[in-house]
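Line by line, the protein sequences give chains A and B. In the working numbering, each residue's number is its place in the first sequence (first place is 1) plus 408. In the working numbering, each residue's number is its place in the second sequence (first place is 1) plus 309.
Some hints could be false.
Unchecked claim - Simulated pairs of lysine-lysine, DSSO-like, Cα-Cα distance not exceeding 27 angstroms:
1) B/K590 - B/K600
2) A/K424 - A/K615
3) A/K496 - B/K500
4) B/K508 - A/K558
5) A/K425 - A/K615
6) B/K500 - A/K425
7) A/K615 - B/K508
These are calculated hints, taken from the structure and not from any lab test.
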Amino acid sequence: MTTDDLIATLSRQGPKKKFPSPTKVICIWIAAITTYIAMVLGYASLKSNILQRITTVFVGPQFITLVALIVVSAIAASYLALPDDNQKPYVRAMPLIGIGLLITILTKQLIVTLPSALVGCVSSAQLSCSVEILLFSIPPAAWMFWTIQKAAPIRYYWAAAMAGISSGSIGYLILLIIENSTSAIHLLIFHFLPVVGILITAILSGKWLLGRWIRTPGSRTK
Amino acid sequence: MIRYSFCRPKRWPYRLAVRTPGFHPGNRGSIPRGATIHYRLTKHKSKHSGGPKASFFFIKKSSAIYFGVLRGPYHLKNVTFSLHTANTQVSRQITWLKTTAWATMCRMTSADPQDQLLTQLMAKARQGDTKAYEQVLAICSNLVRRMIIRKIADERDLEDIVQNTLLAIHNASHTYNTERSFMGWIYAIAKFKLNDFLKAHYKKNEFIDDSIDEDSFVSDIDSSELPSSAELLNELLQELPPHHRRIVHLLKVDGYSIKEVCSQLNMSESAVKVTAHRAYKALIQKAQKRKVNDD
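Extracted from the complex, chain B is given alone in its bound form (with noise of 0.2 angstroms):
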């Protein structure tokens, strides 16, 4: 996305910048290297056009800010000017008013190429391609992965985040504007479901903070609570989902500490932990209601 600004003060020189909005250091939105701008300027009825070399030249001041200053005194009515990379030429055409200090701004196609080949493939999905539409979604899959692998380490999380990203954006694929910038679109989505997921992430292991520490719970229940015997432990056992029953064989059958554990499923210590946590306690549940059936 190129964004032309155009400043006209009253006095000479004449400043003009291009710059591309939402520029991020390093990131997308820089106009790309080896961009060279043109321009054409309308004196009245006549025509001066020239390169950068002219009375009216650019300086590449960062990779998103363009800045010309030019020397008068012209009359001038029209300029004109286009950006040129190797994939795309933007070109537009701005009318100065006489008495306008300030005469426009104006947003112009992406000159990014992936953000580009995004665009066309949408434009395409629109109109039914579901191939298109396929690849849209994988590399917007692969776009952000790559963009909050840095902050999220457990990888189920990130599928987990990657895919309600994918949902979300599928969700909102009618709110994409070709005028706009695809990339900044799915990024802004994406920061909402990564912030939203820190959020819950952090809330939760508030909780386990204050009161999932395994062993002061497990020496916190009464011994007369658990069940007798093997027999009847196994019955219970049987009767915790898969995944719970799971952990608790590994942890208290099988005899592994929680940081193997977490390995072996692929989980983070806080998950196992909580998890535990709700399947001993689903345990206690179940042998006091099974003793209050007994007697």
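Bound conformation, chain A alone (with noise of 0.2 angstroms):
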């Protein structure tokens, strides 16, 4: 088929109907994340002292990181999905500072406790909690790499990577309000390990789930 031809055959078919806005596409993904994240809470019977323990230096400043992590990784994944040239790369840097920022609270709290707990806390295996954050984390993830997929991602191993982190966060988040655990070490490893795995998953299945569109008929990609 000469370039004529392809050009002949796919005007007859037109252009499809317009993907809305990375801005509609954030404000729909961040009411959704709202109101799952309700969701859960209210079905896991919000505790009394959610306020009181929001508000603790340990807790609060986590609180405050993961919801912002949340919502710079959910506009880093919806620009992402769109293929720009002129895109800037700072949109994909932007999670890593949250992540950065999660770490070093961590740490800092990890500094304080003994040594000792890291023996306790490796014993006494939680595997429940990271579970529970892949469970919380799996509808968020499935529909933001649904959204994705329907766009056009020229970037997908980045853009799997920003949902990854956006929904891995979400299960963080619901399982840091609905815990009561203030062991760094705890968090580290059951809550945030997962987070990484989570993260690590959505890049391998980038290309599978993200890069599809690409593959046109007769695709060496194929």
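Reconstruct the complex from the two isolated chains, following the hints.
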């Protein structure tokens, strides 16, 4: 088939219906995420001391950082879902600042705790926390991936990473509110590492889940 | 696409920069030659306006950046400025808050005539105008071809990439945001497809370097494995795909060299070698199968 024939065939089909702008996508995502978190917290019978917990020195900064991380990575994912040569690289770097902040908060708390606490924490392995984070993050991750793959991501690994960070942080945030743990080691091993795991899984599945649109018939990437 | 960034430092003079995002030297995204910038200041309730010779002037730093310095002391409320080109006029009002150092950053419509034309055509195409969409794709194919022709010498590969890119552009046609540059959108897709092709190409060439040396390959073949009669060879050749058959015929029957075959078929040397290798392999397998059946 010659290029002219291809153009004639494609023009008969016409362009597809317009995809919502990143701003609209972000607004929908944030509204949905808020509803989802509220529903999960409502189902998990919200504790009366939630406000008291959030305002503590250790939980408060984590809470703020996680909310910022969710929003920023969702914004980055919505922009990375669209092909654009003029896209600024800092869009991808913004969520890394949030992750860095979260690590700093946890490490700072970790320094004041005794090394023996690490042994105790590991010996009484609470994998249920990791499983819960994973379960809580699956619905938002599925929805985000579904929305992104409906667009046309060129940097699909990055887009997947951003969606992974955002959904993983949602799981972390929900468990931070539900659970009464104040142990930094516990949070680092059983809460933060699963988020890293989700991020890695998202990156690995990025090409398979988000790179489908680019594999046109006859493409060498098929 | 023109972006106006506004910086309001705590001290005078105020600095203002008008720049285009994604600027590449000598490439798209620059402010068109001959563009002029006008401003209008609002000082509390009274208005001051003037051209470049007034206290608020612009210096052209590069083809992408205009830099302006505003000397005070004014207690500014609003600044409206506009960019005039031959084809378009964009203007934006920015409100300064007295306490904020950084005012705002905003995006404007495109000032590049071709970008504008493509944006307009795409808008028409979205309303169901197939002619406009055909025009968009035709312009895109030319732009993409011009972009990749420097990197891909083989004409067949070039057309292959152009067609794949056009398909990708069509598949992603719903993601074009009219507020952003059309060129930025198609170049992003084209770059991706080109890199994708080059990755696959280099990967394939690694394989060729290791294993496909026609002479060594032929010398490795055991003569007992080859068909004994010309009749049998002809029969087996007929079973090959036409493209493979033609290459074997040109190389082995007509006695052309690989370079001559390349120029005749308009293919790259590596592609001819790969096809010939596959054809020989298929011939041997078919001959062995035939031998087993005869026994």
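Each hint, compared with the structure:
Note on B/K590 and B/K600: the hinted pairing holds, with a Cα-Cα distance of about 15 angstroms set against a maximum of 27 angstroms. At most 27 angstroms may separate the alpha-carbon atoms for a hinted pair to count; A/K424 and A/K615 meet this at roughly 23 angstroms. About 16 angstroms separates the Cα atoms of A/K496 and B/K500, which keeps this hinted pair within 27 angstroms; it holds. A C-alpha spacing of about 25 angstroms is found between B/K508 and A/K558, which places the hinted pair at or below 27 angstroms, so the restraint holds.
As the CA atoms of A/K425 and A/K615 are separated by approximately 24 angstroms, the hinted pair is consistent with the 27 angstroms bound. Proximity of B/K500 to A/K425 is assessed by CA-CA distance (about 24 angstroms); at most 27 angstroms being required, the pair is judged to hold. Distance restraint check for A/K615 and B/K508: the Cα-Cα separation of roughly 15 angstroms lies within the 27 angstroms cut-off, and the hinted pair is therefore satisfied.
Figure legend: structure checked against the earlier numbered hints; every hint is met.
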